[in-house]
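**Student:** Take a look at the letters that make up each chain.
Protein chains: 2
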Amino acid sequence: MNIGVVGLGLIGGSLCKAIKENTDHAVFGFDKDFSINSYAVMDGSIDAVLDDSNINECDYILLCIYPKATIEFLREKAPFINSKAVVIDCGGIKRAICDECFALSDEFNFNFIGGHPMAGLHHSGYKYSKATLYKDASMILTPKNTDDIVLLEKVTAFIKSIGFSSVTVTTPDKHDEIIAFTSQLAHVVSNAYVKSPQAKVHKGFSAGSYKDLTRVAKLNENMWAELFMENKDNLIFEIEHIINALSQYKEAMENEDTETLKALLKEGSDRKKAIDN
Amino acid sequence: MNIGVVGLGLIGGSLCKAIKENTDHAVFGFDKDFSINSYAVMDGSIDAVLDDSNINECDYILLCIYPKATIEFLREKAPFINSKAVVIDCGGIKRAICDECFALSDEFNFNFIGGHPMAGLHHSGYKYSKATLYKDASMILTPKNTDDIVLLEKVTAFIKSIGFSSVTVTTPDKHDEIIAFTSQLAHVVSNAYVKSPQAKVHKGFSAGSYKDLTRVAKLNENMWAELFMENKDNLIFEIEHIINALSQYKEAMENEDTETLKALLKEGSDRKKAIDN
Numbered sequence: 001m002n003i004g005v006v007g008l009g010l011i012g013g014s015l016c017k018a019i020k021e022n023t024d025h026a027v028f029g030f031d032k033d034f035s036i037n038s039y040a041v042m043d044g045s046i047d048a049v050l051d052d053s054n055i056n057e058c059d060y061i062l063l064c065i066y067p068k069a070t071i072e073f074l075r076e077k078a079p080f081i082n083s084k085a086v087v088i089d090c091g092g093i094k095r096a097i098c099d100e101c102f103a104l105s106d107e108f109n110f111n112f113i114g115g116h117p118m119a120g121l122h123h124s125g126y127k128y129s130k131a132t133l134y135k136d137a138s139m140i141l142t143p144k145n146t147d148d149i150v151l152l153e154k155v156t157a158f159i160k161s162i163g164f165s166s167v168t169v170t171t172p173d174k175h176d177e178i179i180a181f182t183s184q185l186a187h188v189v190s191n192a193y194v195k196s197p198q199a200k201v202h203k204g205f206s207a208g209s210y211k212d213l214t215r216v217a218k219l220n221e222n223m224w225a226e227l228f229m230e231n232k233d234n235l236i237f238e239i240e241h242i243i244n245a246l247s248q249y250k251e252a253m254e255n256e257d258t259e260t261l262k263a264l265l266k267e268g269s270d271r272k273k274a275i276d277n
Numbered sequence: 001m002n003i004g005v006v007g008l009g010l011i012g013g014s015l016c017k018a019i020k021e022n023t024d025h026a027v028f029g030f031d032k033d034f035s036i037n038s039y040a041v042m043d044g045s046i047d048a049v050l051d052d053s054n055i056n057e058c059d060y061i062l063l064c065i066y067p068k069a070t071i072e073f074l075r076e077k078a079p080f081i082n083s084k085a086v087v088i089d090c091g092g093i094k095r096a097i098c099d100e101c102f103a104l105s106d107e108f109n110f111n112f113i114g115g116h117p118m119a120g121l122h123h124s125g126y127k128y129s130k131a132t133l134y135k136d137a138s139m140i141l142t143p144k145n146t147d148d149i150v151l152l153e154k155v156t157a158f159i160k161s162i163g164f165s166s167v168t169v170t171t172p173d174k175h176d177e178i179i180a181f182t183s184q185l186a187h188v189v190s191n192a193y194v195k196s197p198q199a200k201v202h203k204g205f206s207a208g209s210y211k212d213l214t215r216v217a218k219l220n221e222n223m224w225a226e227l228f229m230e231n232k233d234n235l236i237f238e239i240e241h242i243i244n245a246l247s248q249y250k251e252a253m254e255n256e257d258t259e260t261l262k263a264l265l266k267e268g269s270d271r272k273k274a275i276d277n
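For the record, the sequence lines run as chains F and A. When the letters of the first sequence are read in order and numbered with this note's numbering, they come out as residues 1 to 277. When the letters of the second sequence are read in order and numbered with this note's numbering, they come out as residues 1 to 277.
The hints are simulated quantities; they were obtained by calculation from the structure and are not laboratory data.
Where chains are identical, the list cannot tell them apart; a pair therefore holds if satisfied intra-copy or between any two copies.
Using 25 Å as the maximum straight-line C-alpha spacing, the simulated DMTMM-like pairs for lysine to aspartate or glutamate come out as follows: (1) K218 x D233; (2) K84 x D106; (3) K266 x D33; (4) K250 x D212; (5) K68 x D257; (6) K200 x D270; (7) K262 x D33; (8) K200 x E267; (9) K273 x E221; (10) K211 x D270; (11) K127 x D276; (12) K195 x D212; (13) K203 x D270; (14) K154 x D106; (15) K266 x E240; (16) K68 x D99; (17) K218 x E240; (18) K266 x D212; (19) K250 x D270; (20) K135 x D212; (21) K154 x D24; (22) K195 x E254; (23) K211 x D276; (24) K266 x E251.
Keep in mind the model is a prediction, meaning the values are calculated, not measured.
Given these sequences and hints, build the entire structure.
**Tutor:** Dropping the structure here:
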């Protein structure tokens with residue numbers, strides 16, 4: 001098959017490399033930074049640059065760019081896309097993208113499925129991309145109709161052939177609710193954590209807990225700000241929830257109420273055991 | 001030399017094993033759970049049980065029990081301790097312990113130094129203890145006089161002989177301020193994180209960021225509640241600080257203010273790069 005990949009950053013670059021490593025498909029890649037296209041052809045991660053002349057030959061088109069750019073790209077290129085093609089985006093939010101892209105796929109008669117690979121690094125860009133990024137990772141899919149079994153089986157087989165270990169099918173709404181908790185809140189909390197005045201003077205005092213809590217504090221603010229704004233109802237809910245939870249420990253200490261503090265800690269500890277054991 | 005170790009949990013048990021592995025010292029160990037004493041003798045982690053008859057022969061006594069228990073133990077055993085001995089505790093807070101223990105060491109004429117090994121696991125108890133727990137770890141020391149170079153050099157050499165890679169000398173006040181940030185806040189935030197209603201339904205949606213943020217959510221609530229209460233001024237400050245920081249991202253989203261959100265994210269990201277690179 002021919003696979004188009006749009007956006008050759010960490011996610012798109014790694015998809016190209018994983019496809020070349022694990023399958024016999026041809027990869028047509030495109031990045032708005034043309035030097036990256038040349039580099040990717042040179043190192044064999046793509047076979048050719050994706051353009052208006054070959055996009056029609058693609059069986060799959062994987063969009064690995066920011067949410068607004070995803071919608072803009074698809075709006076511009078929809079007339080060129082083959083009616084048998086499946087377009088999958090890889091954006092970190094799904095409602096805003098799927099609303100627009102489902103409509104475009106209906107209008108121009110191709111398949112669109114929302115996607116979100118559960119993998120990443122705290123680095124971005126083509127230079128960090130690697131064929132193994134998706135090893136043991138799950139791919140979330142948000143199809144227009146979750147009961148289109150034929151399409152979902154075909155796409156699942158393709159996703160697994162790239163190297164993903166599993167596929168999770170859900171709705172755009174559910175995706176955005178849960179991802180606000182598992183990924184977006186983690187980045188906000190980590191980013192907020194390092195703002196303490198003590199952060200500047202902690203050398204020699206940090207064990208694993210500090211390292212874990214702050215690993216994702218370093219992030220691409222342009223990408224994350226766009227993702228957060230597109231999912232702000234869910235993310236605001238999560239931030240309010242953790243602020244409320246944190247306030248309870250603080251109040252227990254202010255009230256010198258050791259028993260309540262213990263109960264709050266036990267509640268969190270028991271919850272963690274229940275969900276991850 | 002003879003080394004006394006009081007409390008054979010994860011920290012004390014690992015100290016016994018590390019001393020036996022890396023030195024020729026005799027280890028006298030004691031746990032209030034007598035079956036652990038027998039087990040530790042049997043597996044060779046200690047040479048004998050520490051008691052009132054041999055505590056006087058110890059050159060070092062390492063106290064690896066909760067803060068209040070540390071003070072109680074030292075008050076009870078101070079009359080038996082050799083005047084050449086150095087007593088080091090391993091508690092997670094230093095002001096409350098050092099205030100009392102410095103006074104006892106003056107009264108009964110032995111050396112006391114506050115200590116805090118920067119190592120741990122999200123498991124506790126003798127069964128998880130291991131000789132390698134302190135490999136590449138730092139030991140924080142809070143001596144009564146930071147200019148007692150002879151004593152500090154002697155203790156540093158001993159600490160490194162056990163397997164620690166470095167020693168950080170500071171005051172009890174400074175220790176408690178920084179540890180509130182690097183360790184205590186990490187445990188509170190992680191414990192609060194999993195209380196979201198989404199925590200129950202996230203399977204298939206979690207990448208590394210969720211795992212990192214929640215690793216230390218599972219904790220021993222009795223120990224941490226005691227540590228938090230003994231350091232509540234510093235920990236309340238840190239919780240207030242992160243609540244305030246989190247509120248700023250939330251407000252930026254509520255105001256649809258993408259530029260402020262970006263600036264807040266960039267500030268955290270830049271801070272992380274500056275402190276850990």
